[in-house]
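Given the sequences, and given the hints that come with them, work out the whole structure.
The opening position of the sequence shown corresponds to residue 177 in this note's numbering, with each subsequent residue numbered one higher.
Heads up, a few of these hints could be off.
[Unchecked claim] List of simulated lysine to any residue pairs, SDA-like, C-alpha gap at most 20 Å:
hint: 1; residue 1: Lys262; residue 2: Gly314
hint: 2; residue 1: Lys262; residue 2: His233
hint: 3; residue 1: Lys262; residue 2: Arg277
hint: 4; residue 1: Lys262; residue 2: Gly274
hint: 5; residue 1: Lys262; residue 2: Ala317
hint: 6; residue 1: Lys262; residue 2: Trp199
hint: 7; residue 1: Lys262; residue 2: Asp281
hint: 8; residue 1: Lys262; residue 2: Asp310
hint: 9; residue 1: Lys262; residue 2: Leu236
hint: 10; residue 1: Lys262; residue 2: Ala294
hint: 11; residue 1: Lys262; residue 2: Asp318
hint: 12; residue 1: Lys262; residue 2: Thr276
hint: 13; residue 1: Lys262; residue 2: Phe237
hint: 14; residue 1: Lys262; residue 2: Thr290
hint: 15; residue 1: Lys262; residue 2: Leu180
hint: 16; residue 1: Lys262; residue 2: Glu284
hint: 17; residue 1: Lys262; residue 2: Arg250
hint: 18; residue 1: Lys262; residue 2: Ser333
hint: 19; residue 1: Lys262; residue 2: Pro298
hint: 20; residue 1: Lys262; residue 2: Gly239
hint: 21; residue 1: Lys262; residue 2: Ser335
hint: 22; residue 1: Lys262; residue 2: Leu249
hint: 23; residue 1: Lys262; residue 2: Gln328
hint: 24; residue 1: Lys262; residue 2: Arg238
hint: 25; residue 1: Lys262; residue 2: Thr225
hint: 26; residue 1: Lys262; residue 2: Gly282
hint: 27; residue 1: Lys262; residue 2: Ala208
hint: 28; residue 1: Lys262; residue 2: Glu247
hint: 29; residue 1: Lys262; residue 2: Trp211
hint: 30; residue 1: Lys262; residue 2: Ala295
If you're looking for bench data, these hints aren't it; they were derived computationally from the structure.
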Amino acid sequence: MSRLLWRLRARLGYWLARRLFHWPWVMRQPRAWQWMQGQYGRMANLGDTSAQSFYGHILLFRGQGLGAREEGLRLLRLAAAGGDGKAAYQLGVQALQGNTRQAPDGQEAVRYWTQALAAGHPLAASRLSQLYRDGAPGVAADPTVAERYAAQADDVSRSGH
Numbered sequence: 177m178s179r180l181l182w183r184l185r186a187r188l189g190y191w192l193a194r195r196l197f198h199w200p201w202v203m204r205q206p207r208a209w210q211w212m213q214g215q216y217g218r219m220a221n222l223g224d225t226s227a228q229s230f231y232g233h234i235l236l237f238r239g240q241g242l243g244a245r246e247e248g249l250r251l252l253r254l255a256a257a258g259g260d261g262k263a264a265y266q267l268g269v270q271a272l273q274g275n276t277r278q279a280p281d282g283q284e285a286v287r288y289w290t291q292a293l294a295a296g297h298p299l300a301a302s303r304l305s306q307l308y309r310d311g312a313p314g315v316a317a318d319p320t321v322a323e324r325y326a327a328q329a330d331d332v333s334r335s336g337h
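Structure below.
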């Protein structure tokens, strides 16, 4: 099969799987869900940033086991590197939470939330403000910086984005 035809088939399968995602009765069918995940994974492997973000979130929150969680985080990192604000925001949340293998890292959260803010994520400025107001592991409390991000958060909420 030609490369162009293969990519077209992948895009059509992904489009259909995204539409079926909103139908609860389809989601309860194990074979349909398995097929849908295959479509999400194929599109993510083709380097589609929105597919990486979407499937990364699914694996992070609905995947079973540590392997699914790690693959979800890997896909979110790829999506964030591609400019996806939602993926960067979620990576900041995960960095601040930490896990059994990694302690909470406030500096990493700042890095990802700054990236999410630059991409236009609506909650990034308020999370940065809260982080600098309260402090976190690796980040000292700084009321001046907290106020600057709080002002940005107010601007975002007033503009409706």
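Against the structure, the hints:
About 23 Å separates the Cα atoms of Lys262 and Gly314, which puts this hinted pair outside 20 Å; it is violated. Simply put, Lys262 and His233 have alpha-carbon atoms about 9 Å apart, close enough for the 20 Å limit, and the pair holds. A hinted pair counts as satisfied when its Cα atoms are at most 20 Å apart, and Lys262 with Arg277 does not qualify at roughly 24 Å. Taking the CA atoms of Lys262 and Gly274, the gap is about 18 Å. The hint holds against a cut of 20 Å.
Distance hint between Lys262 and Ala317 is unfulfilled; the C-alpha atoms sit about 25 Å from each other, more than 20 Å. A C-alpha spacing of about 23 Å is found between Lys262 and Trp199, which places the hinted pair above 20 Å, so the restraint is violated. For a cut-off of 20 Å, the pair hint linking Lys262 to Asp281 stands: about 19 Å separates their Cα positions. For a cut-off of 20 Å, the pair hint linking Lys262 to Asp310 is broken: about 23 Å separates their Cα positions.
For the suggested pair Lys262 and Leu236, the alpha carbons sit about 13 Å apart, so the restraint of at most 20 Å is met. For the hint linking Lys262 to Ala294, the alpha-carbon distance of about 11 Å falls within 20 Å, and the restraint holds. The straight-line distance between the Cα atoms of Lys262 and Asp318 is roughly 25 Å, outside the 20 Å bound, and the hint therefore fails. For the suggested pair Lys262 and Thr276, the alpha carbons sit about 24 Å apart, so the restraint of at most 20 Å is broken.
Restraint check for Lys262 and Phe237: satisfied, since their Cα atoms lie roughly 14 Å apart, inside the 20 Å limit. At roughly 12 Å between alpha-carbon atoms, Lys262 and Thr290 fall within 20 Å of each other, so this suggested pair holds. Of the pairs offered as hints, the one joining Lys262 and Leu180 is violated, with about 29 Å between alpha carbons and a cut-off of 20 Å exceeded. Taking the CA atoms of Lys262 and Glu284, the gap is about 16 Å. The hint holds against a cut of 20 Å.
Under the criterion of a C-alpha separation no larger than 20 Å, the hint pairing Lys262 with Arg250 is consistent with the structure, at around 14 Å. At most 20 Å may separate the alpha-carbon atoms for a hinted pair to count; Lys262 and Ser333 meet this at roughly 17 Å. A distance of roughly 9 Å separates the Cα atoms of Lys262 and Pro298; the hinted pair therefore holds under the 20 Å criterion. Restraint check: the Cα-Cα separation between Lys262 and Gly239 comes to about 18 Å, which is no more than 20 Å; the hinted pair holds.
Distance restraint check for Lys262 and Ser335: the Cα-Cα separation of roughly 19 Å lies within the 20 Å cut-off, and the hinted pair is therefore satisfied. Among the hinted pairs, Lys262 with Leu249 is consistent with the structure: their alpha-carbon atoms are about 13 Å apart, no more than 20 Å. Between the alpha carbons of Lys262 and Gln328 the distance comes to roughly 18 Å, so the proposed pair stays at or under 20 Å and holds. Simply put, Lys262 and Arg238 have alpha-carbon atoms about 17 Å apart, close enough for the 20 Å limit, and the pair holds.
Only pairs whose Cα atoms come within 20 Å are accepted, and Lys262 paired with Thr225 is accepted, the gap being roughly 11 Å. Annotation: proposed proximity of Lys262 to Gly282 holds, straight-line Cα distance about 18 Å (limit 20 Å). Between Lys262 and Ala208 the CA atoms are separated by roughly 26 Å; this puts the pair beyond 20 Å, and the hint is violated. Of the pairs offered as hints, the one joining Lys262 and Glu247 holds, with about 17 Å between alpha carbons and a cut-off of 20 Å not exceeded.
Taking the CA atoms of Lys262 and Trp211, the gap is near 25 Å; set against the 20 Å cutoff, the hint is violated. The hinted pair formed by Lys262 and Ala295 meets the criterion: a straight-line CA distance of about 9 Å does not exceed 20 Å.
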